[in-house]
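Q: Generate coordinates for the entire structure from the input sequences, incorporating the hints supplied.
Protein chains in written order, with the numbering used here: chain E, 1 to 407; chain B, 408 to 814; chain A, 815 to 1171; chain S, 1172 to 1663.
Since the hints were made in silico from the structure, they are not lab data.
Beta carbons are placed, not taken as given, at the ideal position from N, Cα and C, and that holds for glycine.
Be aware that one or more of the hints could be misleading.
[Claimed, not checked] Quick partial rundown of chain E residues pointing at chain B, CB under 10 Å, derived from the structure:
id, residue
1, L94
2, F148
3, G155
4, Y165
5, A341
6, T347
7, V348
8, G353
9, N381
10, D385
11, S397
[Claimed, not checked] Computed spacing ranges between beta-carbons, pair by pair:
id, chain 1, residue 1, chain 2, residue 2, range
12, B, W765, S, D1516, 14 to 20 Å
13, A, G897, E, A205, 44 to 50 Å
14, B, W676, S, P1312, 39 to 45 Å
15, E, A127, B, L453, 36 to 42 Å
16, E, A203, A, R1012, 57 to 63 Å
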Amino acid sequence: MTLFADDAATEPPSTAPSVPLARPAPSRTLAQSRAFGSSLTFLAFLAIFAGYSVWLGDRFLDPGARLLNLHQNVPVLLIALAAMITLVAGKFDLSVSSTASLTAYLAIGLRTEQGLPFWAVLVACLAVGVAVGLVNGFLVEYLSINAFIATLGSGGVILGISSVYSGGGPLIPSGPRAVPGWFDALGSFASRPPAAVVWAIAAVACAALVRLLGAVVPSRWDRTRSLAARTVAVAAAAALVVVGLDVPSWSGGVSWLTFLLLVVATAMWVLLELTAFGRGLKASGANPEAARLAGIHTRRHVLGAFVLGGVLAALAGVILAATQGSVAPDLAGAFLLPAFAAAFLSTVVFSAGAFTVWGTVIGGVFVVWVGQGLIVGGLPNTWTDIVNGAVLLIAVSLSTVVRIARR
Amino acid sequence: MTLFADDAATEPPSTAPSVPLARPAPSRTLAQSRAFGSSLTFLAFLAIFAGYSVWLGDRFLDPGARLLNLHQNVPVLLIALAAMITLVAGKFDLSVSSTASLTAYLAIGLRTEQGLPFWAVLVACLAVGVAVGLVNGFLVEYLSINAFIATLGSGGVILGISSVYSGGGPLIPSGPRAVPGWFDALGSFASRPPAAVVWAIAAVACAALVRLLGAVVPSRWDRTRSLAARTVAVAAAAALVVVGLDVPSWSGGVSWLTFLLLVVATAMWVLLELTAFGRGLKASGANPEAARLAGIHTRRHVLGAFVLGGVLAALAGVILAATQGSVAPDLAGAFLLPAFAAAFLSTVVFSAGAFTVWGTVIGGVFVVWVGQGLIVGGLPNTWTDIVNGAVLLIAVSLSTVVRIARR
Amino acid sequence: GAGSGSGATSGATSGATRLSQDKLMSTAAEKVAAATSLTPTFPVPKAGFEAGTGTIAVIAGGLSAPVHAEQAEVMKKAVTAAGWTVLGPYDGKFSPAVQGGYIDQAIQARANGVLLFAVDVNTIRAAVDRALGAKIVVACAMCTSGDQARAKGVLDVTPDFERQGEDLGWFIVQRSKGAAKVAITVEPAATGVVARTRGLEKVLDQCAGCSYNEIVIPAADSTLPGPPQWTAFLSAHPSGYTDAVAYYDGLTTPMTKTLRESGRTDVTVSSYDADPAVLSLMAKGSAQLGADVASPLDFASWSAVDLVLRSKAGAARWDTTNLPSVLLTGKNIAGFTPPLQPAGDWHKTFTTLWTSS
Amino acid sequence: MAGSAGLAPTLRIAGLGRSFGRVEVLRDIDLEIGPGEFVGLMGPNGAGKSTLIKVLDGVYPPSAGTIRLGAQQVPSLGASPLVGFIHQDLGLIDGLTVADNLRLGQSPLRLVGPVLNRPAERAAAARALAAVGLDLPVTGPVGDLSPGEKALVAIARAFARGARILFVDEATSTLPPPDAKRVVAALRAMANAGSTVVMVTHKLSEILGATGRVVLLLDGRIAADRSTTGLGRAELVRMLASHEKGAAGPAGDPRPGPADPAAGGPGRTLLRLDGAHGGRAGPVDLVVRAGEVVGLTGTPGSGLHDVGYLAHGSLRPSRGTRTLAAGVRTALVPPHRETQGGFPDLDVGVNLTVSALRRFRGAFGLLARRRERAEGQRLVTRLKVRPADVGTEFRLLSGGNKQKVIFGRALLREAGVHVLCEPTRGVDVAARAEIYALVRRLPDEHTGVLVVTSDAEDLLAVCDRLATVSDGTVSDFRPVDDLDETALEAVL
Ligand SMILES: Nc1ncnc2c1ncn2[C@@H]1O[C@H](COP(=O)(O)OP(=O)(O)OP(=O)(O)O)[C@@H](O)[C@H]1O
Ligand SMILES: Nc1ncnc2c1ncn2[C@@H]1O[C@H](COP(=O)(O)OP(=O)(O)OP(=O)(O)O)[C@@H](O)[C@H]1O
Ligand SMILES: [Mg+2]
Ligand SMILES: [Mg+2]
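A: See below:
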């Protein structure tokens, strides 16, 4: 920071009266109400689940079943994250589900039909994700095609490639060149990382919470006091949750896939919040022109987002193949809308307008749980669409309604 | 013009050399190159069809078959127009296909099950469209919910209503309360308006063309000369088309549905281009804040767009019921992506970025024709997705590539 | 996959012997007469057993298809009649990912059995393996799961799809007097369709004067206007074809519609599934419709429940992979009352069996 | 770079040109700027000032000419860490925090691997802000800042990046005088310390007060280039005017004579605010009568513009009342033209007529598009918008020309009450005089004007009476006749 070494010297006394422009209390209150307002949707979902718990009891509050929902939706959530990352960059990527469908085929087909070693299969699948991302990014950023139509077109091509590859039929692995056992096991809810790993994660999450709470503690408290207070608060809350919700029985329910999802989401959160790339991406999405003028290579950033989206979608496809054990045409096609719904939910679950990683994951899971509660509760099948849609709308509108009412 | 009534008096003489309205030369070229650049995609499609004609001959250039494609896709195109009108307003409406599915049920069910007179059935269907539009508009404009997620949610609810109404099954009209014969006939390709009507439309189209050409004729020509030149040009082109493409045999192929589509599209074009509402809608879509400050009731305009979209989608559903004769769950679900593809194609078919009515209709039909040509040409089915997607991408990118190259 | 392109005309493949015209027509008459009998014999289990109690998850291929929704309810009724608990019915949404997910939920809920309706278990292999591994009985009504899956323990309850294709084939041969040119729609992703097509083509291969073309229509495209592949096929072949086969009745309506709108009267559409709408048209004597194949859906659903109960109770199973079906044509349609089922109170037969040891 | 911290390399531009299509926006630009120089770049709207700066930044490649930085020839200056640019719209990203905006485009401070050191970045950001005399929480979004704060943040960013040559495009045009003064003083200090500063401005006082050299750009060419030492205001005005035929009359005197309201002075009351609250304004009591021009001014954060919105009706009073005389329309020139002003992708014609469509209703209630276009074209010519073509897309216009179009839109509405917020923001000297003349001509027996501005010159030039806004409340009105600029500043 050479510039600031000699600040004192270069600064003219006249320009540095350091009189703050009036920025009174309102902005503080604004920020606070914003934090509250932006978690309202989250609270609304919790309220729904509380309602379910009263209504359905253990049939809904069944840790195993709920974690199974999470496990089963890992591919959808990965696709949602893929959609989210391009949305952060201000673009649509409608090809994510087609990419997943393609790599699902390749993950099994390249082994059983072409006989590639399995590591090569995985590399090939991720390479496909990269290639798809590069093509999409090229179309959108270098040929300036509207992302919606560009990825609609490229999605069609990708799906077409999968149907050419498969001949339009399903692919059922058989014969001597089977996929490795661990790959099959990966898809199973029963294959789980050691409990220690899960507890370690929980510990890290608590630590993060302690840190985050720093923003809430009155600023006049000194460091030690604040830290102590926060630690006690988090520990108490954790104990309550552990005992109240019977967490030890849950903790065994975190499958490898769930674990993988958490790892991926954490990595993406770090990427978006704690790296220069993430910052550049947000800037490019929010105001590409300004970002470019600020010296950010917006094209490369957006291209990077498409590539990352492609890789995540490819990963989702591979995992889908693992959970299914076989592949049918457009296996992931039905995931497109739920994935986008989760991504858009993230703009209200934890934030007021921005797409977030954890909002996507949690929003996606919550929607699944709402639906599950209805099915468990025995709502006639014909009604589920209505109630699901209505719950989504209510949860989302709550935050804005309250915001409007507060004005 | 009270303000400018005294312009001549107060204006310094030097600045008022009676500047004629003719544009200065440089911007003229700009406008021309823009017009050319924005019709490149259109030309690319024509080139593809020319290629098909050489390759497939009468098997592709079969007026009856091509008009049948148009006829069959009228519901899709109406849904595309519904999607387009909200896109003009800067919003997404993902509920259009669900609305169509619902009104398809109602169109048959309210008559055969509830026994309403058929006019009341039609009114009820359109009323459903209005209601859906009002709800969507309310969610988006008054509760400020992101349109993507709002209409995803409302679409779910609407679809749910249709499945509750139908009990989840299909609806096959039978028994004494049949739908009127004209309604059944409406869906048929064989029921056609008198040829005179078709010719009248063609004449109006030619007149419009004569008028539009006014922008191209050298401005130094006087009025009579210009009019004469344009008329001759259009008449010659029309004659060429009539004889070369055997139009008399086509003209008989315009079904009532196609006619209806043309009427609806014309009405929408008038609304968007020639009314204050259309102008306000475009402004609201382009910059809502600026529009509001300029005195436009943006909320009402956007609400209006949603209502119009709802009505068009409802109409599409009614027509779908007429063409199908019976209704199955989520009949129109598969139309959502093609409809949006057509709407987005309109941003490149005839314009450089703006959504247009005729671009939507023509883009939608062209995509269908491209696919038909491929299948007729015997392209293995597994390849159609690839080629379809690729054609879409190439057609769309052409205009931008050329634009970039010209810089 | 089994799909060849829509352009590939097949002749006699793999050494199928062609029959002489006389032999062909007499065989056809014989086969059609047998297939059109409205009172086929149903296999009936004899041994009774004590059903006890347990839980069965019911998963339909996709509830948006009326047949699936209906049969899911039939299954539910049967399970309840046996005094067992039902999970579901679940909507498989025609997505293997969703269907497999519900099987995993059944495992998680410790169900004793999984009842599938028209689900391709091969596309959810991993979930089925997990269920079988957890000692859960998996029975599938209206499925051709294949030898591999059956060997693993999947219980199919179904008519012989290949036979249904053959029946339709013989009908077409007879109708055209041995000179049929057939457009066969296929969906290579659906094993049932593939099996029916196999049977159909096997018969047509024996007919020297017959030929056929396959038109691949992916299920996703089957609801698009036309469907596009069919519209294009018609404009590519203005004449020459005598017959078309829709791979299920959901396609029959749009296909006949498109035929009518292109002013074609030269092609007759035959199909499977005996959809009420199609049957009512056929009963009215529609010239566009050939034959339709009816399967004993209700009976299959009940039989599937019976199989699960039997497996749980350790009772001997019976052969359910060859349920009868009936070929419906303009001639016998008047005498047919849906659904296709055994005569008498057969529901009672089952419930009695389930409570007698 | 610690050693050379003081001196910037010399910048040499030779034969620089740039065309868009066939339109030559810049031609034959020759400039040599040495270290420590503070150059003011002037010229009418659309002269090519912003384009010149964008070409130097590398946003557009030049069509001709060379750029040398020190001894080295470079394709553009954008890549050099020694050069900073602040464009007309500041280039900040509203959704990101102040700290993030400050770090954009700088090499990131890292913790481990690619992970950023957030606390260090925040500290650095706070230091950068302090260098321009700003004290803000760096974790809040930039969108919450006032324009003045944003400008200072943008400048702080450029300095923090180590820039020794700084190009500033009208950063002060959106600022109220006190903030503008601070910004200019900060730039002057940088120049004194050996940096090079090139500032685009339309404000004569800034040229005269701070810069050492003025470059006048006309029609994409350098028309004059001289030192400001010994240059008087009158001489500068003459210099500008001598190159602008036609605009000379009014431009020569930025303060035309006092208003000449319709006979009989102010007429009936058109608009009245009684104890109205809205946004950060309130309680507001205000009356606008026919035939008068009412002025309002105030400091940032005072809720000044909210009073404007209240008067216009785009902000509904949460308390109190707003009464508009029967049959009276209102029109608004919004304060922030880049975001609130225009429809970038629609053409100038549409942008002009959008508030006055009712005037172009023809047969069957359809728009008479020919008449509409003709009227738009007339206004474009009248306001000297460049390019003078209603078919141009709005986003292609230069900043000042955008302002003219938005002003034209308000005129076309034929409203009874015109609310003009910052009506002359970013327009050139000639256009400013033109706008003053137009505003003076607006009030009559049916029309009143409310000018809401932080630019004192506007008030003196057009208003009959004025008041100040502070903390959302409006002070007592004073007639403007007996005030001059210094007296006015005393009032503020
Ligand atoms: N991308 C572009 N395409 C075509 N014309 C352009 C483009 N960018 C700028 N112009 C034109 O170039 C001219 C110069 O614009 P520029 O923004 O440089 O003016 P300026 O001197 O900064 O004016 P102001 O004082 O109003 O900001 C204008 O007429 C503008 O319309
Ligand atoms: N909606 C808001 N809520 C709270 N504070 C705000 C809001 N908008 C702006 N501010 C704060 O107010 C201060 C001044 O903003 P600005 O410069 O826009 O004021 P102004 O122009 O005098 O008022 P206005 O434009 O509202 O009439 C800034 O510090 C900004 O952070
Ligand atoms: Mg400028
Ligand atoms: Mg302001």
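Q: All hints are to be evaluated individually against the structure, with a verdict given for each.
A: Going through the hints against the structure:
{"no.": "1", "hint": "L94", "verdict": "holds, 8 Å"}
{"no.": "2", "hint": "F148", "verdict": "holds, 5 Å"}
{"no.": "3", "hint": "G155", "verdict": "holds, 7 Å"}
{"no.": "4", "hint": "Y165", "verdict": "holds, 9 Å"}
{"no.": "5", "hint": "A341", "verdict": "holds, 5 Å"}
{"no.": "6", "hint": "T347", "verdict": "holds, 6 Å"}
{"no.": "7", "hint": "V348", "verdict": "holds, 8 Å"}
{"no.": "8", "hint": "G353", "verdict": "holds, 9 Å"}
{"no.": "9", "hint": "N381", "verdict": "holds, 7 Å"}
{"no.": "10", "hint": "D385", "verdict": "holds, 3 Å"}
{"no.": "11", "hint": "S397", "verdict": "holds, 5 Å"}
{"no.": "12", "hint": "B/W765 to S/D1516: 14 to 20 Å", "verdict": "holds, 19 Å"}
{"no.": "13", "hint": "A/G897 to E/A205: 44 to 50 Å", "verdict": "holds, 46 Å"}
{"no.": "14", "hint": "B/W676 to S/P1312: 39 to 45 Å", "verdict": "holds, 42 Å"}
{"no.": "15", "hint": "E/A127 to B/L453: 36 to 42 Å", "verdict": "holds, 38 Å"}
{"no.": "16", "hint": "E/A203 to A/R1012: 57 to 63 Å", "verdict": "holds, 59 Å"}
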